[in-house]
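J.: Residue numbers (this note's numbering), protein chains in the order written: chain A, 1 to 330; chain B, 1 to 337.
Because the hints were derived from the structure by calculation, they are not lab data.
In this text, all values refer to a predicted model and were calculated from it rather than measured experimentally.
Careful: at least some of the hints might be erroneous.
[Stated by the list, open to error] Here are some chain A residues pointing at chain B (derived, C-beta under 8 Å):
id	residue
1	V29
2	V30
3	F131
4	G273
5	I306
Virtual Cβ for every residue (Gly too), placed ideally from N, Cα, C.
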Amino acid sequence: MSNNKRNLKGVKTLFTKINKNDISTILTVVSLILIVIIFTSINPRFLSLYNIKNILLDCAPLLLMTIGVSCVLFLGSIDLSNGAVASCSAVMLTIMLPKFGAVSFVYVFFYGAIAGLINGVLHTKLKVPSFIATLCTQSIWQSIALLIAGGQPLSMTPDVWPLLKWGKFSIGPIPFMFIISIIFMGIFAVIQFKTPTGRTFLAIGCNERAARLIGLKISFSKITAFTLSGIGAGVAGIFFAVKLKSGIPTVGEQYNLMSIAAAVLSGVLLTGGKGNILLTFVGVALITAIQNGMNVIAVDGFWQKIVFGLIVVVAIYINSDRKNFKLIVK
Amino acid sequence: MNTQNGKSQIALEFSQEMERINRKTRLINTMPLIILFVLVFIMSVVAEGFFSLYNFQTILSQLSIMLVMSMGLTFVILIGSIDLSGEGLGGFAGAVTSLLVLNGKNTNNFGIWGILFVIVAVTLIGILSGVIHVKGKMPSFMVTYSISSIMAGFAVLSYKGQPAMIKYPFFTQLSQGTFIGIPILTWISIIVFCIAYILQTRTKFGTYLFAIGDNENIVRNTGINIDLVKVKVFAWSAFCIGLAGVMGAVRIGRGVVDIGVGIVFPAITAVVVGGTSLSGGKGGVVNSLIGALIVTIINNGLILLGVSTYIQAAVQGIIIIAAVALSVEHDRKGICK
């Protein structure tokens, strides 16, 4: 009898543990399955091979930006600039390709890294709160993107199209771009789990003072996290440019909120200290499925903004720690 | 005798140190005003046509929307939070106003009641985001950022991609009218400034703002309902955003969501440059007025010098970073996220 009770208690604690730790991840998986079922029942073509390829292609840039911004969210900081960095790198690639050829991909990659590095240095060395520092760099990069593009979308000339061919490759229904973004996710995951710098991300998010007293390199880790976010945004910008064969100076704008939403949906805490790079894929899949599904069942484009805003609020609400009265949230 | 001497020596050093710190704070407090005068001086030398009556009127007219926005933001920043919802909420206010007053798209003609309705609705949304922030324990910047996205969506949805032209005669009077040489829109912003000043200095509410920004725990322990104060702050901020959105619609004459684009960032710049600290508890509406003047004069000067409008946003970004970096330098040990 008492044994039974103890077992029951054990099961109960197990459930509360699941509740506390992974509720948002589980909810995301469940809603992903639900959404696939709903969209497929409305329009069976949602699960066609061609549309799956489409979804994976849409996933690629968002996944890159999400794994990048997750690194920053682990710290408890935030990066609001990754959309503008992606736009700027898309425009830069469009301008550079005719002049420098294939090397410009490398240049743009480094541009992303430097943009992230600047964020990190502003945040750690000048002690500017991350959201205000990245809000400012967002405005700066957006201005630069508009300035060098002359305020209008630039299209790529046909003579550079051979350099963009790789964007069309695919292995079965899996596009080459998606494979690249998965490789990046692997690299980021190795950094998070296997390197001292990466493991410091979550330590800083949990308790920065303790992490500092142990002797971890706080500033270096923070700058690395912001640089990784910049790299993710830079490569996402390359993908945008290659996919659309043009550099649109506002292409990444909406992806900022979407990447944060995807990260939070996968269980990353905004206060820092919790999250998993590999799980972010679940959030990205959900966001892309919703976006693609709304296109497939022909919902007005304006609704997407509303839906993503609501998703962010709900996802953070589920994750937030409301029982801790002493917690001060600004 | 010797110890007596030592003690007085310590006292002397202490008073000198205090004097030094006081002087530093006084310098920091008067810094925005000095910057303002230096800027006016530089601009009148460099930019042709800066120091004229016509340009003075232009500056006052450019100031109006930013001043209203920054009055709302000042209170939010004083308690250490931030409100990024202006972009979507302001656009929503402008777009819906254009649909409710006499316009070229539908048959609505609610006149002044339409404006009041919009401002009340926007204030209610502000209360909602305040409640979500306080009860949900979610960071304010994230709540307001999402609300901005949601309301921008609703704004575009309200006019379905086809903005309405405003034909309400009262709006043309507002946008072109002047009173003693000062545009009426600027008068409205001056009234809002006066209300904010009275709220800040003459009410309990204003005192709580500084206390919460300084140390929230102590205020909570004295039994003040912090949550209520915070919700009121967000309501006030949304009220200002709603008013700014309506003013944007008055000026543009069309109800587009773009009214909201780029009204938050200059306002944050104005508040921060004026000397209100982002960590809360320091500054006030007078600082924000000076900050708004500084930002307006920089923008005006850049236009007179023929600099591209895209650069203005970048310049504001650099100014915010510089101002924040200068003002947070002294507490090096604090954790900043």
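J.: Evaluate each hint against the coordinates.
T.: Taking the hints in turn, this is what the structure says about them:
At its closest, the beta carbon of A:V29 sits 22 Å from a beta carbon of chain B; the interface hint therefore is violated under the 8 Å criterion. Annotation: interface hint on A:V30 violated; nearest CB of chain B at approximately 21 Å, more than 8 Å. Using the Cβ-Cβ criterion of 8 Å, the hint placing A:F131 at the interface with chain B is satisfied: the shortest such distance is roughly 5 Å. Interface hint at A:G273: violated, since its Cβ lies 11 Å from the closest Cβ of chain B, which is beyond the 8 Å cut-off.
The interface hint given for A:I306 holds, since its Cβ lies 4 Å from the closest Cβ of chain B, which is under the 8 Å cut-off.
Checked against the numbered hints above, the structure breaks hints 1, 2 and 4 and satisfies the rest.
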